[in-house]
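2 protein chains.
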Amino acid sequence: MPVLSELSGKMPASPIRKLVPFADAAKKKGIKVYHLNIGQPDIPTPKNVTDKLKEIELDVLAYTKSQGYDRYREKLAEYYRKNHIIVDASDIIVTTGGSEALLFTIGSIANPGDEIIIPEPYYANYNSFATLYNVKVVPVRSKIEDNFALPPIEALEELITPRTKAFLYSNPANPTGYVYTEEEIRKLRDLALKHDIFIIADEVYREFIYGDTKHHSILHQPGMEEHGIIVDSVSKRYSMCGARIGAVVSKNKKLMASVLKFAQARLSPPALEQLLAEEALNTPATYFTEVISEYNRRRNTLIEGLEKIDGIKIGYPKGAFYLMAELPVDDADKFARWLLEEFNDNGETVMVAPASGFYADPEAGRKQVRIAYVLNVNDLKRSVEILQKAVETYNKK
Amino acid sequence: MPVLSELSGKMPASPIRKLVPFADAAKKKGIKVYHLNIGQPDIPTPKNVTDKLKEIELDVLAYTKSQGYDRYREKLAEYYRKNHIIVDASDIIVTTGGSEALLFTIGSIANPGDEIIIPEPYYANYNSFATLYNVKVVPVRSKIEDNFALPPIEALEELITPRTKAFLYSNPANPTGYVYTEEEIRKLRDLALKHDIFIIADEVYREFIYGDTKHHSILHQPGMEEHGIIVDSVSKRYSMCGARIGAVVSKNKKLMASVLKFAQARLSPPALEQLLAEEALNTPATYFTEVISEYNRRRNTLIEGLEKIDGIKIGYPKGAFYLMAELPVDDADKFARWLLEEFNDNGETVMVAPASGFYADPEAGRKQVRIAYVLNVNDLKRSVEILQKAVETYNKK
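Sequence order for the protein chains is X and U.
Position one of the first sequence corresponds to residue 959 (this note's numbering), numbered consecutively onward.
Position one of the second sequence corresponds to residue 959 (this note's numbering), numbered consecutively onward.
Careful, some of the hints might be misleading.
No distinction is drawn between identical chains; accordingly, a pair holds when it is met within one copy or between any pair of copies.
Below are the EDC-like pairs computed for lysine to aspartate or glutamate, each with C-alpha atoms no more than 20 Å apart in a straight line [as the list claims (entries may be wrong)]:
1) K1094 to D1291
2) K1355 to D1289
3) K1005 to D1017
4) K1023 to D1000
5) K1212 to E964
6) K1005 to E1015
If you're looking for bench data, these hints aren't it; they were derived computationally from the structure.
Fair warning: this is a prediction, and the values are worked out from it, not measured in the lab.
Required output: the full structure, derived from the provided sequences and hints.
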């Protein structure tokens, strides 16, 4: 057969999906698997959105504009302005999920061999989009002891080379749940302006903040008109992961003209789901109050349970719905597989995401796992109990 | 501001969209514009599909598998088998439109600097996806005098170099409406096996064939298990362009493993629209009979009208819903713009797609336009009448 591309060899396989066959095998044996591994919320999509589905009247399911429906972009701009992100529709291009927003953004700013600095641990798919363009991810280590706060800005600045094109981070962060402070965002702005690099802020978890913490967007900062880019998505916000509606948001007109060319190449984002995303903007505030307080309950339940595990280290999250924990095991990859292949407690086990895939150097995350708290409180309690027993059993082997 | 990527400069702007501002300006002046320029059919989406929308019950609009819903892939495999394309679900990865199918396929097979041979004129967005990976499009000229048949296979073979990775064509073809004969497909197969290159067949117009012509798929050919790739989409088939549901279809397991990695990076294709695409597979055969006979009427109406234009050359289409015509004008780009900016007949004008954007060398298509017959017969009659008057007026300037 013809040889495939080098890229086809280099594209990373999903680090989490490697375990799926073992989970499937466990289920076949009749074992119940609690999924702490995935970012698919169990929270219902807002009812106004699912109701909207019944009201859509169409004769022809036609292409939309490549940048998305005008009306949706207008309403989306309003949403941002309510969040003190002062943009209008022309600063927004609707994409097929946050993934495509990253694909278009990285392609617009970085040449092969260029570098993007990303605090690690980071969302594994950032690797995929960088790899696609042969762009180098330069990690800067954040630590579980600091709850994965921004590393000292000096550590970051040391990594900047003539090939550095951007700093990319998620806020609230996947996989750590860290929420960047206003001071950290200001430092990032100053760094961007000093070195003339882009700041790409993945803000898809914007609403998921617990306690007194506040969300600070990169576009809250003055002076970021040319350097600031938000990558966004409705997936988590409205529990609409399957809609595949995202956006690139920036005041940089040249950048947006480039993103539009990428968007035109794929013609149009999904039409129906843009209508649903538009409706989602009408979701009552009470929906979020309830969802956030539910996640907060889960967060606290999870932490309370995990703290009972001897020798565990926890990165205490302030946002999103993930938590990173360092387990007292030799190898979290082995442990996660063992949980599915060999362990069960009364016919039940848990699936966690080994963190090695969230680090440029897998060794750095060797003992860490990401836990998504997307299960209800009772299931979470039971999951942590299983995890605790599993750690004990594993270490007695 | 930070410098954008070289790619951002090279990504081609849509050749057709350049004219959109002029069309908008004409409309603002109250002029009616008949759109012969776009591939958005006016044909209604099948009623079973739009009805299905009302029946979808969901609590959480969740991610689907990266390769698409299993049930959809199973039913899609059945559809292919009915079309004598013998595949099963594991040979199919659902993509976000045919565009993404191309993105994943080219990324899987070609390195920067590699070459893909494409008969020209070709679908302009092929350039975009090749450009994204810095892959070179090597055109092989097909001629209006031959109705854009496959050029002699020797001409094609001469272009093969050690960097050639694939031959890519659309069948039925956009923008020419040409339908490849079984003999031509066989020659392509022999060429692929002899030189160990992929054949990528964009078969999104599979059903749109007029008269006695038959569609021959690349996967009808024996021996193409490792070398044949179909790029497909529901957009035109069911008039669901806005659904953004496509597919890569191939028996090559290594290729499909690579495509899956690209698919995992973007998590999931749109969920709801996969449900609609699945329902679309239940569309009664009568829908197609009616649609095809409607397009056939339009095709004949269009040709009859165009033949009245002195000095015109027509590439007679056998499929899809496009036709390429060479007009007796100095420059089709100028002419198309003039139609919108300066001409009207009783307050009406037409918009056509200049063909320069469909050729690697724009000069080759300097006098040609693509006409999409996606208007009803009466509008088409009137459009051609306007076009005839316009050509006369333009040449008297």
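Do the hints match the structure? See the list:
1. For the homomeric pair K1094 and D1291, neither the shortest alpha-carbon distance inside one copy (25 Å) nor that between copies (41 Å) is at most 20 Å.
2. In the homo-oligomer, the alpha carbons of K1355 and D1289 lie at most 20 Å apart inside one protomer (14 Å), although the nearest pairing across protomers, at 80 Å, exceeds that limit.
3. Within a single copy, K1005 and D1017 get their C-alpha atoms only as close as 24 Å, which misses the 20 Å cut-off; across copies the closest is 8 Å, which meets it.
4. Proximity of K1023 to D1000 under the C-alpha cut-off of 20 Å is restricted to the inter-copy arrangement: shortest distance 16 Å between copies versus 32 Å within a copy.
5. Proximity of K1212 to E964 under the C-alpha cut-off of 20 Å is restricted to the inter-copy arrangement: shortest distance 13 Å between copies versus 31 Å within a copy.
6. Proximity of K1005 to E1015 under the C-alpha cut-off of 20 Å is found in both arrangements, the shortest distances being 18 Å within a copy and 11 Å between copies.
Violated hints amount to a single one, hint 1; each of the other numbered hints is respected by the structure.
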